[in-house]
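Student: The residues making up each chain are set out below.
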Amino acid sequence: MKRAARIALLVLAVVSALAAGFWLHTWNRGGAPFSGNVARLMAASLPDMEGKSQALAQWRGKVMVVNFWATWCPPCLKEIPEFVRMQEKLGDQGLQFVGIAVDNPAKVREFAVKYRMNYPVLIGEMDAIELARVAGNELGGLPFTVILDREGRLIGTELGGLNEQKLTGIIQPAM
Amino acid sequence: MNRRITARFFAEMLLAACAACALSPAAADDLLAPEQAFRFSARLIEPGLVELRYRIADGYYMYRDKFRFTAIPRSVGLGEARFPPGKIKDDEFFGRVETYRGELVIRLAVKSAGGFTLKAVSQGCADVGVCYLPLTQTARLVPARSSGEAVRSEGNASNLILRLRDAAPSR
Numbered sequence: 009m010k011r012a013a014r015i016a017l018l019v020l021a022v023v024s025a026l027a028a029g030f031w032l033h034t035w036n037r038g039g040a041p042f043s044g045n046v047a048r049l050m051a052a053s054l055p056d057m058e059g060k061s062q063a064l065a066q067w068r069g070k071v072m073v074v075n076f077w078a079t080w081c082p083p084c085l086k087e088i089p090e091f092v093r094m095q096e097k098l099g100d101q102g103l104q105f106v107g108i109a110v111d112n113p114a115k116v117r118e119f120a121v122k123y124r125m126n127y128p129v130l131i132g133e134m135d136a137i138e139l140a141r142v143a144g145n146e147l148g149g150l151p152f153t154v155i156l157d158r159e160g161r162l163i164g165t166e167l168g169g170l171n172e173q174k175l176t177g178i179i180q181p182a183m
Numbered sequence: 781m782n783r784r785i786t787a788r789f790f791a792e793m794l795l796a797a798c799a800a801c802a803l804s805p806a807a808a809d810d811l812l813a814p815e816q817a818f819r820f821s822a823r824l825i826e827p828g829l830v831e832l833r834y835r836i837a838d839g840y841y842m843y844r845d846k847f848r849f850t851a852i853p854r855s856v857g858l859g860e861a862r863f864p865p866g867k868i869k870d871d872e873f874f875g876r877v878e879t880y881r882g883e884l885v886i887r888l889a890v891k892s893a894g895g896f897t898l899k900a901v902s903q904g905c906a907d908v909g910v911c912y913l914p915l916t917q918t919a920r921l922v923p924a925r926s927s928g929e930a931v932r933s934e935g936n937a938s939n940l941i942l943r944l945r946d947a948a949p950s951r
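Top line first, the protein sequences correspond to chains A and B.
Mapped onto the numbering used here, the consecutive letters of the first sequence carry residue numbers 9 to 183.
Mapped onto the numbering used here, the consecutive letters of the second sequence carry residue numbers 781 to 951.
No lab work stands behind these hints: they were computed from the structure.
Among these hints, one or two may not hold up.
Chain B is faced by these chain A residues, among others (derived, beta-carbon under 7 Å) [unchecked claim]:
hint, residue
1, Leu20
2, Cys81
3, Pro82
4, Leu147
5, Gly148
6, Gly149
7, Gly168
8, Met183
In silico PhoX-like links for lysine-lysine, alpha-carbon gap of 25 Å or less [stated by the list, open to error]:
hint, chain 1, residue 1, chain 2, residue 2
9, A, Lys60, A, Lys115
10, A, Lys97, A, Lys122
11, A, Lys86, B, Lys867
12, B, Lys891, A, Lys86
A virtual CB, placed ideally from N, CA and C, is assigned to each residue, including glycine.
Just need the whole structure built from these sequences, with the hints factored in.
Tutor: So this is what it looks like as structure tokens:
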């Protein structure tokens, strides 16, 4: 093979490998599209801050952002004001945040008031952890967010903090 | 195409692919399992004194106020844990919090005639912005009988999460 052709092929290989790497990376960041068990999450009921059982299925038909968090988790607290803002802005258009706090109720209530949380917050312990796990959170890390379209299909999962820009990118096609 | 050139070409392609992987930034996907991020072991260094050791992986840290130690059976008396000074972090939510990185050695006085299980609950986070649920690790400790040699027991992460209420300190 001629040297020039070989170099050209090599460049092509590098470029395609980079593209593949990038694609794989962004794909991973968005979460494996249909891994995890969303059906179980959608079938679950958890107590709200008043202790009343709430079924997640009641928000079906909306684009749902289910966020697992805790008051002892700084990266969780960082993203919540952005969620509050987005709920305010896009709630009318069918965006619904649901917080699932892996924490004790008194602390969650205190925090929800302080941060003017304008979306439902459910509270769980082992059951909530198990739900996060079946939805793809193998490591038990927080924050962990599951995003579902109006039909209840998984369109993204995120382990670690989200911001408005990133989340907008995930929900936009489903809005 | 010459066979040797083909082989070399594929080797180069492989190298290029590896370079692409390496360029992908470290993210939450590459997180360690909590028992790998916070490696735990404990041993009796002298009669009545336990040394607990956490080897904290680079890029991870633990919170001082989240450690809880208990012995099974409960009749085993545990003294107050002695921590080295940690690093004071000015957290935007919690104010001044003490954290540990690298290696953490904690000493704990214990009153026990026989063997017992030490249960350590801890909580830590990764710098990439992920916090782990409280982690429970245990070590079986048996006082040496005659030789004076302490018996060491490696910690094992048993149940990832204990009851969260046990672990969460009241603030």
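Student: Hint by hint, note whether the structure agrees.
Tutor: Now the hints, each set against the structure:
The restraint placing Leu20 (chain A) at the interface with chain B is violated, with a minimum CB-CB distance near 9 Å, outside the 7 Å limit. The beta carbon of Cys81 (chain A) is positioned within 7 Å of a beta carbon in chain B (closest approach about 4 Å), and the interface hint is therefore held. Annotation: Pro82 (chain A) was flagged as interfacial toward chain B, and the flag holds, the nearest CB pair being 5 Å apart, inside 7 Å. Because the beta carbon of Leu147 (chain A) sits about 6 Å from the nearest beta carbon in chain B, less than 7 Å, this interface hint is met.
Taking 7 Å as the C-beta cut-off, the interface hint given for Gly148 (chain A) holds, the closest approach to chain B being about 5 Å. Nearest Cβ of chain B to the Cβ of Gly149 (chain A): about 4 Å, under the 7 Å cut. The hint holds. Given the 7 Å rule on beta carbons, the hint for Gly168 (chain A) holds: about 4 Å separates it from the nearest Cβ of chain B. A distance limit of 7 Å between C-beta atoms decides the matter here; for Met183 (chain A) the minimum to chain B is near 25 Å, and the interface restraint is violated.
As the CA atoms of Lys60 (chain A) and Lys115 (chain A) are separated by approximately 17 Å, the hinted pair is consistent with the 25 Å bound. The suggested pairing of Lys97 (chain A) with Lys122 (chain A) holds, with an alpha-carbon distance near 20 Å, which does not exceed 25 Å. About 22 Å separates the Cα atoms of Lys86 (chain A) and Lys867 (chain B), which keeps this hinted pair within 25 Å; it holds. About 43 Å separates the Cα atoms of Lys891 (chain B) and Lys86 (chain A), which puts this hinted pair outside 25 Å; it is violated.
In summary, the numbered hints that this structure violates are 1, 8, 12.
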